[in-house]
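Asks: Here is what each chain is made of, one letter per residue.
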Amino acid sequence: MEKAVALSPASLAAAGRLGRWDRVYLGSSFCQALLPGARDLEAALKAGARGVTLATPLLTGAALAAFLPELKRMLKMFPGLEISVNDLGLMTAVRVKFGRGPKLSLARPVSIDLIRMDKTALVRFMRKHGVSRLESDEADMVRQLPGSFPFPVDFHYPFKYRAMSRLCPRTGRLNSACAGTCAGRAERISGPDGCILELFENGYFTRNRPFTGGRVERLVFTPSCPPGKR
Amino acid sequence: MKLQAGVGSFGELERAIRDGADELYCGVYSVPSHVEGGRNFSSAQEVVHAASLAREAGRRLYFAANEVHTEGLEGTARLIRDLAGRGVHGAIVKDLALFCRMKALKVRTELILSTLSCCMNARTLGFYKGLGVTRLALPEQLAPEEARELVRNRLGIGTEVFHKARECCHNFNGLCFLDCRGLDTNACKKNYRLGKKRFEMPRLGAAEHLGDLYDYYSMGVGTLKIGRSPDPEMQRLIFGEAKRLLALLRAGGGREMFVSEGLRVMSAYDRAYKFVMERKGWKKR
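Order-wise, the sequence lines are chains A and F. Residue numbers for the first sequence, in this note's numbering: 1 to 230. Residue numbers for the second sequence, in this note's numbering: 1 to 285.
Check each hint, because a few of them may be wrong.
Computed cross-link-like contacts, DSS-like style, restricted to lysine-lysine with a CA-CA straight-line distance of at most 30 Å [as the list claims (entries may be wrong)]: (1) F/197 x A/160; (2) F/129 x A/97; (3) A/97 x F/103; (4) A/103 x F/197; (5) A/160 x F/196; (6) F/274 x A/128; (7) F/189 x A/160; (8) A/160 x F/190; (9) F/129 x A/128; (10) F/103 x A/119; (11) A/119 x F/129; (12) A/46 x A/76; (13) A/76 x A/119; (14) A/128 x F/103; (15) A/103 x F/196; (16) F/129 x A/72; (17) F/106 x A/119.
To give an idea of the chain A side of the interface with chain F (calculated C-beta under 8 Å), a few residues [to be verified]: (18) 37; (19) 38; (20) 61.
None of these hints come from the bench; they were simulated from the model. Glycine included, every Cβ here is placed at the ideal spot set by N, Cα and C.
The following block holds chain F by itself, in its conformation from the complex (with noise of 0.2 Å):
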């Protein structure tokens, strides 16, 4: 399983090639990739640049376009089509739209169907098979033994997995329309009151999320991703953090015991956290 590590500043790259990232990904603030309050490369030159930094390095950087609906759809098409010409390795798309645009304008390059496509199944993924789609970004809310047709899906296509005991949403991230500008300004993780019964969206708990890991790995899922995040230093903790875990992982030994394990590891972070938190006035998420 690769480490694959979100960037949104040169430093970042620098520090996650630095620190073993096996792959990158960044955007571009002018366009949408579902960032939540993360940061983005300023222009397409950096994007470039950041390619050929990754490349020296002997990584791959992919183009974050999640986001992109009716506005800057040919823009970022042809965005695409510059910067695959330019070095970067694939881009990471969920619009119907702009998939058919970059087949129309023969875009050649390696494409991450990103997780809020919710692509649930095989036969959904043979659909986008159709359109391109070399790797998938497996939906946050699919249960590993319900993921074990994508991943060994025979149709040639990779899948990638984010880091849900430390990034999860707690509902269908591409289809969700609540308020949510990050930390606990989000509508999901809001304390609410049914009738006069506290209330709060269900999630799954660290533990659940770590067997989770486990079981993806096992399976054989190709990459573990780390999203972008608002600050370096929660980056680079978020990244240590998947490190050891996979570390974990690699070194063998069975469900309870990596679940165990991981526990321990996030517990030595989350202390961590807590400390950049409050050193940044931020409220616990």
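Next up, chain A with everything else stripped away, as it sits in the complex (with noise of 0.2 Å):
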């Protein structure tokens, strides 16, 4: 079982050595104000980084426009970078601007709807997109993936994505307008009704433990806050 850490720029300079994970997600799946740069991705190199993976969320277009020549400097840097990918116009560019190289992941919020769908049509899509690993948080869920089901899960904890806002909940404004000032810090918020959820960069969490049946390959876990300030 591949062990991983997923850490946002903000988060990344607390986090210290990445040597004892076979991973770092790097970025945001979530927050386009998380997009992972060249600096990032020379940093997390220098601090141990032995596989990476650029977590990239939904993207606008003047995000996206903005993050394909920073893609193409750290695919030069690092060529065995993945690219876990919620856009399905990052997608789309990846394969055209860079053909067939890059490996991509399926990556959540995108991913938790996509599972839903016909298993036979997911695996066509992945298969014709190049799309070689599909990510998760719901251990039911990926119970459920067929025997045949062709690609590696990787399985997200401790938080279990529930929703997304455009708008920064801690500053309310729209993302691409923030600074990036959460820094990988969780809080909880707590409802009326006894209801607790997660605030996670701009989405909204329930908890969740590590799950390792069915075709997970790889564990993926997210510090609650940076590492280094625990």
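Work from the hints to combine the two standalone chains into their complex.
Replies: And the structure:
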């Protein structure tokens, strides 16, 4: 079982040495203000990252246009990069601009929707676009994947996705205008009926446990505050 | 800009046509279509009849099938093909598998990409164009400036926007798995505590949404869309409000004037909503 840690650029500096993890997910699957750049990749590699997956969220046109040249630099810097995609525009752009080389993984939250679609169609979709991994945080959905499902699953914990906002929950402003001040810190919010959600980046989560059944081949841990600050 | 109204009964359909809706859309209960507390027709036969009534009045009727996953995929694709052959003008779709299945079945009809699909940029729109999409319901979470490349796309794909000042999710609606049963039971509308402080999930205010609507109108978005509602009276109010806002837009005047007049219109409708809600024993949203 491969073990990975997920860090945003904002929390990378405090994370310390990364060599104890098989892989680092760098960036954010939820917030486009936390897109990884070449400097972040360089810092992760200097900190001992052995394998790197760039985590990317849904992207506005401007964010996508700005990210592609940065991605080109990062692919040159570390040709073994994996790219975890939510945005179908980014997925197609990677294939058009960089060919079949870069490995793609289907990221949360879009994967949470797509894992519910017809599995034959899901497999066909992933094959057609060269997507070689599926990410999830739902043990029950991973269990339901057929034994013949041909792709490995990356299981994320301890945050199970519930919803995501375009407005930063901390500032109330569009996340394209944010400076990443959340810095990888999770905060708990509690509702009047006792429901509890974890506020992390621009998303709302509940807690889950690591799951290693089914097609899971990689566990991805997201620290609730930068590891160095524990 | 055209007005498109969601309807859930023949009464609503007739009223929407009489009140001036340019287009209509509806669902059936047997096909998931993200209708939060709203109403649908009971059978495909009713949808076909609704389409013929719409056609007689010179209107188009679309069929919503935008929450279909594994279950009912084949049946829904065939249903859309059947409806397209019987006068329904097009379908509102989200699921990739459904698009692919319809393509395989050679379904020839107008396809509106649901707002739930979170199509955030022109490259993503190009991807969906390949699946047969002819119109896009803009994601609720995009700002007009961000949506410009979608609205002015060179793919020949038209765009529509919801009446967001009245109907807009706090979070990405197609990717929200919070409890959502309508009105104030929705998890996104609750008052939370963050430590000792009060916390509410952020959302834009009416003035910001009205400003956005002005920008969308100026940019050339083709359709203003009104969702289906749990109650016909409420539906009629929301439609009336949207119609008045559209009249203000058509009358010209600047953005500031539209926002200010639009807030006045909304304030009048707020009182009507409150009255209807109190009469029905609903809590304030």
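Asks: Hint by hint, which ones does this structure get wrong, listed from lowest number up?
Replies: Hint check: 4, 6, 13, 15, 18 and 19 fail, others pass.
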